[in-house]
Amino acid sequence: MSKTDAEIRFGNPTELHGTKVQIPYLITEKNAFKRMDDEDKQQETQSPTMSPLASPPSSPPHYQRVPLSHAYGKLRSNTEQMHPAPYEARQPLVQPEGPSSGAPGTKPPRHQASLIRSFSVEREPQDNNSNYPDEPWRITEEQREYYVNQFRSLQPDPSSFISGSVAKNFFTKSKLSIPELSYIWELSDADCDGALTLPEFCAAFHLIVARKNGYPLPEGLPPTLQTEYLQAAFPKPKRECALFDSYSESMPANQQPRDLNRMEKLSVKDMADFPVPTQDVTSDDKQGLKSTADEALPKDVSEDPATKSGLLPPPPALPPRPCPSQISHLRVNSKRSAQPRPPTQLPNYGDFRLQKQSEQAPEAELHPQLNRAPSQAAETSPAKKDIPYSQPPSKPIRRKFRPENPATENQDTSTAVGGPASAATVKPHAAVQKQSSKQKKAIQTAIRKNKEANAVLARLNSELQQQLKEVHQERIALENQLEQLRPVTVL
Amino acid sequence: MAVCVAVIAKENYPLYIRSAPTENELKFHYMVHTSLDVVDEKISAMGKALVDQRELYLGLLYPTEDYKVYGYVTNSKVKFVMVVDSSNTALRDNEIRSMFRKLHNSYTDVMCNPFYNPGDRIQSRAFDSTVTSMMIQVC
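Chains A and B are the protein sequences, given in the same order.
Using full-length UniProt numbering, you'd call the opening residue of the first sequence number 1 and step up by one each time.
Using full-length UniProt numbering, you'd call the opening residue of the second sequence number 1 and step up by one each time.
Treat the hints as calculated values from the structure; they're not laboratory data.
Here the structure is a predicted model, which means the values were calculated and not measured.
Hints are supplied without guarantee of correctness; some may be wrong.
Non-contacting residues of chain A with respect to chain B, defined by C-beta distances greater than 10 Å in every case (computed) [said to hold, decoys possible]:
hint, residue
1, 158
2, 159
3, 160
4, 168
5, 182
6, 227
7, 232
8, 438
9, 454
10, 458
11, 468
12, 486
Selected chain B positions facing chain A (Cβ under 8 Å, derived; list incomplete) [claimed, not checked]:
hint, residue
13, 86
14, 109
15, 113
16, 115
17, 116
18, 119
19, 125
The C-beta atom is built at its ideal place from N, Cα and C for all residues, glycine as well.
Input sequences plus hints: build the corresponding full structure.
In structure tokens form, the structure reads like this:
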């Protein structure tokens with residue numbers, strides 16, 4: 001997507017969605033990012049290995065981004081242009097962002113934007129913005145895992161299809177308009193068979209997430225979302241899923257709280273305009289901020305496991321997932337995190353997630369977990385990198401970590417990356433996560449109560465309005481009578 | 001190249017109608033509308049035979065001095081009507097058939113979209129692009 005186009009379109013979605021606060025910010029950020037991204041891109045392309053997080057050149061560019069996005073989870077979306085750059089930006093810990101050094105200023109904003117985006121992604125499964133350096137249509141590892149998890153919740157067999165009606169119900173929850181969903185389907189269902197395979201589903205999900213974040217829908221399916229590309233990029237869906245599970249557990253928890261924070265704080269930063277992700281985004285921003293990220297991570301971790309746990313149980317066919325206990329824990333966390341998120345941010349995705357969570361625990365949890373997982377992954381970019389490259393080792397590590405998500409994730413990341421920050425963040429994350437989960441629960445219950453009160457008041461209001469009308473009519477009738485009687489009385 | 005392409009639902013209301021912009025679109029709408037009678041006539045005539053043998057392509061419905069109108073009906077009674085310029089003599093029957101076949105394929109793709117409710121107006125961009133490729137290129 002050209003920058004200009006994105007910029008232009010950026011404005012439109014915001015209008016359409018009315019997103020509210022974040023979108024205007026995002027727009028500016030986005031534009032800023034775009035320009036910067038271009039610069040960064042050039043720099044990055046030249047020296048992709050500069051950033052510590054950058055994954056080995058053998059992996060697709062998005063891997064590089066993944067570490068960044070992973071750390072920041074949400075930044076992914078932002079970094080659309082310069083994946084490597086955003087990573088760098090995102091990883092304040094890591095720092096040495098060589099390639100994007102050219103635009104240090106831009107990085108932080110990008111970082112935030114990507115964080116925001118990644119958050120939103122976490123929040124809403126759909127938000128996963130790909131970290132395509134050229135455009136936001138690349139799917140990061142975290143996002144992919146999240147999508148795959150969601151797919152499994154709908155269809156246990158990853159190699160089979162999701163029928164049209166099932167997918168329709170699922171995507172309708174995203175609260176996008178039907179024409180937009182229809183268009184997204186048109187883009188993603190490459191073979192027009194009325195069913196979605198896993199790559200098609202990931203593409204559709206990603207488009208929805210992008211749309212929710214305010215990105216205008218592309219004219220054609222981006223090359224990074226096409227089936228062949230996705231199949232090539234993610235050859236081991238199972239592994240990814242497994243990783244994802246571990247991720248999601250840790251990630252969703254982390255991401256959710258992070259998103260919330262980020263969105264609120266850095267709605268602007270995140271390029272991802274997804275309304276829902278705003279929450280995630282905010283959390284992402286936090287990550288970007290590094291200090292906040294650390295806090296967020298622990299929170300997310302705790303949340304992720306909860307969400308994950310929620311997600312895991314539903315799909316029976318899923319490979320060895322984190323312990324069910326973790327799942328339940330995650331579920332709780334995710335729910336809490338999920339609920340507060342939507343109300344604050346965007347009704348679209350947030351509601352999608354939250355409402356669904358309560359109604360469809362597995363799905364909702366999946367999303368938040370996914371979000372979290374990606375966010376966590378983003379934060380622990382190093383870990384992420386490890387994942388693609390050394391899946392087996394990372395997996396067992398993750399598994400272990402799951403029970404202690406906050407700790408494990410951090411450890412994992414720290415080991416993988418050896419980032420000092422990650423280690424430090426591990427501890428605070430754990431604590432933060434717990435707190436955030438509790439807060440989330442409280443917030444969620446408060447939200448429910450408020451909603452009920454709103455409903456009651458609305459009913460009361462309508463009844464009173466009717467009474468007012470009746471009284472008004474009576475008054476008119478009486479006045480008429482009075483007029484008629486007046487001459488008599490006068491006489 | 002067609003000058004106007006229309007997709008009519010079973011209940012004879014338009015699902016999609018597009019004309020070359022330079023022409024008076026209302027005229028084309030009217031032509032399509034009048035052609036529906038001819039389509040129904042052909043369907044009923046063929047309907048006496050086995051429905052399975054009914055061919056989808058109806059052929060030239062009626063010619064006017066400026067235009068020719070071709071028709072095509074699917075098994076679900078969705079009608080495609082195409083208006084072509086009479087001066088375009090290079091257009092052969094086979095080409096018209098292939099154009100209808102492409103239209104039909106695009107239409108089935110639209111139907112496969114679970115978000116499309118049968119009976120809604122067709123807003124699919126893929127379908128639009130297919131029709132555009134068949135429409136006369138008016139500068």
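Checked hints:
1. Residue-level check passed: residue 158 of chain A sits 20 Å from the nearest beta carbon of chain B, beyond 10 Å.
2. Every C-beta of chain B lies more than 10 Å from that of residue 159 of chain A, the closest at about 20 Å, which supports listing it as non-interface.
3. Every CB of chain B lies more than 10 Å from the CB of residue 160 of chain A, the least distance being 17 Å, so the non-interface label holds.
4. Against the 10 Å criterion, residue 168 of chain A falls within the reach of chain B, whose nearest CB is about 4 Å from its own CB.
5. Annotated as non-interface, residue 182 of chain A brings its C-beta within 10 Å of a C-beta of chain B; the closest such distance is 4 Å.
6. Interface exclusion of residue 227 of chain A from chain B stands, the closest Cβ pair being 16 Å apart, more than 10 Å.
7. At roughly 24 Å, the least C-beta separation between residue 232 of chain A and chain B is larger than 10 Å, which holds for a residue marked as non-interface.
8. Residue 438 of chain A, annotated as away from the interface, keeps every beta carbon of chain B farther than 10 Å; the closest lies near 40 Å.
9. For residue 454 of chain A, the condition that its CB be more than 10 Å from all CB atoms of chain B holds, with the nearest at approximately 30 Å.
10. Every C-beta of chain B lies more than 10 Å from that of residue 458 of chain A, the closest at about 30 Å, which supports listing it as non-interface.
11. Every C-beta of chain B lies more than 10 Å from that of residue 468 of chain A, the closest at about 39 Å, which supports listing it as non-interface.
12. Remark: the non-interface label on residue 486 of chain A is consistent with the geometry, its nearest Cβ contact in chain B lying 59 Å away (cut-off 10 Å).
13. Annotation: interface hint on residue 86 of chain B violated; nearest CB of chain A at approximately 35 Å, more than 8 Å.
14. Because the beta carbon of residue 109 of chain B sits about 4 Å from the nearest beta carbon in chain A, less than 8 Å, this interface hint is met.
15. The interface hint given for residue 113 of chain B holds, since its Cβ lies 5 Å from the closest Cβ of chain A, which is under the 8 Å cut-off.
16. A least Cβ separation of about 4 Å between residue 115 of chain B and chain A falls short of the 8 Å threshold, and the interface hint therefore holds.
17. Among the interface hints, the one on residue 116 of chain B holds; its C-beta lies about 6 Å from the nearest C-beta in chain A, closer than the 8 Å criterion.
18. Here the hint on residue 119 of chain B is broken, as its CB sits about 14 Å from the closest CB of chain A, past 8 Å.
19. Hint status for residue 125 of chain B relative to chain A: holds, with the closest Cβ pair at about 6 Å, below 8 Å.
Hint compliance for this structure: hints 4, 5, 13, 18 are not met, and every other hint is.
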